[in-house]
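K.L.:
With UniProt numbering, the residue at position 296 of the sequence shown is 296, and numbering never jumps.
Hints listed in this document are in silico derivations from the structure and should not be mistaken for laboratory results.
Treat the hints loosely; a few may be bogus.
Unchecked claim - Within a straight-line C-alpha distance of at most 25 Å, the following computed DMTMM-like cross-link-like pairs (lysine to aspartate or glutamate) qualify:
| no. | residue 1 | residue 2 |
| --- | --- | --- |
| 1 | Lys186 | Glu173 |
| 2 | Lys434 | Glu366 |
| 3 | Lys247 | Glu170 |
| 4 | Lys315 | Glu113 |
| 5 | Lys363 | Asp257 |
| 6 | Lys349 | Glu327 |
| 7 | Lys434 | Asp321 |
| 8 | Lys349 | Glu192 |
| 9 | Lys292 | Asp257 |
| 10 | Lys434 | Asp278 |
| 11 | Lys270 | Asp257 |
| 12 | Lys363 | Glu418 |
| 13 | Lys111 | Asp337 |
| 14 | Lys158 | Asp402 |
| 15 | Lys318 | Glu344 |
| 16 | Lys382 | Glu170 |
| 17 | Lys318 | Glu124 |
| 18 | Lys316 | Asp357 |
| 19 | Lys137 | Asp282 |
| 20 | Lys116 | Glu407 |
| 21 | Lys137 | Glu366 |
| 22 | Lys131 | Glu371 |
| 23 | Lys332 | Glu113 |
| 24 | Lys137 | Asp392 |
| 25 | Lys158 | Glu244 |
| 26 | Lys388 | Glu366 |
| 27 | Lys180 | Glu192 |
| 28 | Lys436 | Asp357 |
| 29 | Lys315 | Glu124 |
| 30 | Lys436 | Asp337 |
| 31 | Lys247 | Glu124 |
| 32 | Lys363 | Asp107 |
| 33 | Lys388 | Glu170 |
| 34 | Lys111 | Glu339 |
| 35 | Lys158 | Glu192 |
These numbers come from a predicted model, not from an experiment.
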Amino acid sequence: MLKHLPTEMKHDKRLSSKLGVSLPLVHLAEKILSTRWIKAIPAPIIFLLTFHTAQAQDPELKSTTSPTIKTQDTTIRRIVEEMQRITDNDKQNSNAIQALLQGKEIDNISKYELIKSNIVNASETYYLLNKKIIDLKSRTTTNNLDVFITSLNNPESKALGFSLSDRIVELVEKIILKNKGDKGEKNSKIVESTKSIINSPIFQSFTSLTPPLAIANSVMNFLHSVSVNNKQINQKSLQDFEKELNKYVVYYTALNDANQKFEYGLNFNKDQLSLLQDNLFDHLSFTATSMKFPAPQKGNQSLSQTMNEYFFDFKKEKVIDYFNQLEAKYTKGKRIDYESLLRENSSLKEVNNQLEDLVLQTKRFENLYNEYFTLLDSYYTKVNNSLKIAQDNGLADKSIIDTKQAEFRNLKTEAVGEIQASINIRELYSNTEKIKYRYRIF
């Protein structure tokens, strides 16, 4: 025990002499505690001496505690070791707490950086998706392809080497009038009436139905009505005429079917694109409001125009500036208080967690984009089939049909290339992939 006392105390003659004999520990404690060296004594020794002094003075404590200390230095050492263990534990706990606090700070930084990155990329995705929806909605085919189809469907056109109008008149003269169209007033009137029906402004104004089919039907009805009072037009003549006319009707019916199905498919595709644009508008409104941006407002103008105008204000550069201002607001000294930033702007977490809906909207656009080309492929096949019917029915030579099919194939390839270049779906893919929408922030 002597080695734990201050050096000055060891040289005190009165105390040294007492330490050299078997003096009870309580007396030693009293002597030491009353000396001027008490402040220099280590805390563990003070604790031990005080304990034994109290034990000697309190019989009850003495009766419940062993009064015997076999080895004084061993007891003190154990107390010192226990106190050292507590000190070490405190230090470890302190380090653990600091690590947790630092980990929490790193976690807040990670959350913020993810939210910021996702929303910045989302702002560009909103713009790109809207732009591509508008572009695809405005598409039918291309001008060159439209001109080609219109020429095939025009009764005055000689794209396949014949004009339907001329062929109908020829069939009337040859089959109905037996090549006597220029003989007799009745025959002349039949020819003129047939030409009048063909050139009727009513048929020229048709847009949804194919004019050749309407013309053929009207001419047949006219001839049946004339046959009632004209004995020269017999039932066999009408049947022969209808049989020849049907060769053309079958061709134009197939072409008309291709046009109608393509038009129906395009209209459905456009309706779905309009619905997608409505959903995009709602999602954009939620994001803008959550970030305290002015929300887009629907007015009397089209939704496409409204969206285009809104992206002058809500664009990637301004969203980046928004986060720069937010960081400056929560900067204390040289550090950003990310915990306060996230806590006081909790709506940003919800914006981040709703971005999966935006990604799903881009996937929906991708489907509609692919459906457009599926429509175009189907249309191409049906038009080619109608041209093959024209060849099989002897309406046009094989060389002419082959030329037209090759022309149509080139125009279709050109149309696909133009649309793909204009919309650039890969641009949308690349930007959307930057949004880590699967990571939710709570």
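K.L.:
Now, for every hint given, state plainly whether the structure supports it.
P.N.:
Cross-check of the supplied hints:
For the hint linking lysine 186 to glutamate 173, the alpha-carbon distance of about 12 Å falls within 25 Å, and the restraint holds. Restraint check for lysine 434 and glutamate 366: the C-alpha separation of about 17 Å stays at or below 25 Å, so the hint holds. Distance restraint check for lysine 247 and glutamate 170: the Cα-Cα separation of roughly 14 Å lies within the 25 Å cut-off, and the hinted pair is therefore satisfied. About 19 Å separates the Cα atoms of lysine 315 and glutamate 113, which keeps this hinted pair within 25 Å; it holds.
Among the hinted pairs, lysine 363 with aspartate 257 is inconsistent with the structure: their alpha-carbon atoms are about 31 Å apart, more than 25 Å. A hinted pair counts as satisfied when its Cα atoms are at most 25 Å apart, and lysine 349 with glutamate 327 qualifies at roughly 16 Å. The straight-line distance between the Cα atoms of lysine 434 and aspartate 321 is roughly 19 Å, inside the 25 Å bound, and the hint therefore holds. Proposed proximity of lysine 349 and glutamate 192 is contradicted: the alpha carbons are some 78 Å apart, above 25 Å.
At most 25 Å may separate the alpha-carbon atoms for a hinted pair to count; lysine 292 and aspartate 257 exceed this at roughly 52 Å. Note on lysine 434 and aspartate 278: the hinted pairing holds, with a Cα-Cα distance of about 24 Å set against a maximum of 25 Å. A distance of roughly 20 Å separates the Cα atoms of lysine 270 and aspartate 257; the hinted pair therefore holds under the 25 Å criterion. Only pairs whose Cα atoms come within 25 Å are accepted, and lysine 363 paired with glutamate 418 is accepted, the gap being roughly 22 Å.
Taken as a hint, the lysine 111 and aspartate 337 pair is honoured in the structure, with Cα atoms around 13 Å apart against an allowance of 25 Å. About 15 Å separates the Cα atoms of lysine 158 and aspartate 402, which keeps this hinted pair within 25 Å; it holds. Distance restraint check for lysine 318 and glutamate 344: the Cα-Cα separation of roughly 21 Å lies within the 25 Å cut-off, and the hinted pair is therefore satisfied. Our distance criterion of 25 Å between C-alpha atoms is broken by lysine 382 and glutamate 170, whose separation comes to about 29 Å.
Taking the CA atoms of lysine 318 and glutamate 124, the gap is near 11 Å; set against the 25 Å cutoff, the hint holds. Between the alpha carbons of lysine 316 and aspartate 357 the distance comes to roughly 19 Å, so the proposed pair stays at or under 25 Å and holds. Under the criterion of a C-alpha separation no larger than 25 Å, the hint pairing lysine 137 with aspartate 282 is consistent with the structure, at around 19 Å. Of the supplied pair hints, the one linking lysine 116 and glutamate 407 is violated, its CA atoms being roughly 52 Å apart against a limit of 25 Å.
About 13 Å separates the Cα atoms of lysine 137 and glutamate 366, which keeps this hinted pair within 25 Å; it holds. A threshold of 25 Å between alpha carbons decides the hint, and for lysine 131 with glutamate 371 the separation of about 18 Å falls inside it, so the pair holds. Pair hint lysine 332 plus glutamate 113 holds up; C-alpha atoms about 18 Å apart against a cutoff of 25 Å. For the hint linking lysine 137 to aspartate 392, the alpha-carbon distance of about 37 Å lies beyond 25 Å, and the restraint is violated.
Between lysine 158 and glutamate 244 the alpha-carbon distance is near 18 Å, which keeps this suggested pair within the 25 Å criterion. Of the pairs offered as hints, the one joining lysine 388 and glutamate 366 is violated, with about 34 Å between alpha carbons and a cut-off of 25 Å exceeded. Our distance criterion of 25 Å between C-alpha atoms is met by lysine 180 and glutamate 192, whose separation comes to about 13 Å. For the hint pairing lysine 436 with aspartate 357, the CA-to-CA distance comes to about 12 Å; that is within 25 Å, so the pair holds.
Taken as a hint, the lysine 315 and glutamate 124 pair is honoured in the structure, with Cα atoms around 7 Å apart against an allowance of 25 Å. Restraint check for lysine 436 and aspartate 337: satisfied, since their Cα atoms lie roughly 24 Å apart, inside the 25 Å limit. Of the supplied pair hints, the one linking lysine 247 and glutamate 124 is violated, its CA atoms being roughly 55 Å apart against a limit of 25 Å. Distance hint between lysine 363 and aspartate 107 is unfulfilled; the C-alpha atoms sit about 31 Å from each other, more than 25 Å.
Simply put, lysine 388 and glutamate 170 have alpha-carbon atoms about 23 Å apart, close enough for the 25 Å limit, and the pair holds. Using a Cα cut-off of 25 Å, the hinted pair lysine 111 and glutamate 339 holds, with the two alpha carbons roughly 10 Å apart. Restraint check for lysine 158 and glutamate 192: satisfied, since their Cα atoms lie roughly 22 Å apart, inside the 25 Å limit.
Of the numbered hints given earlier, the model fails hints 5, 8, 9, 16, 20, 24, 26, 31 and 32; all others are met.
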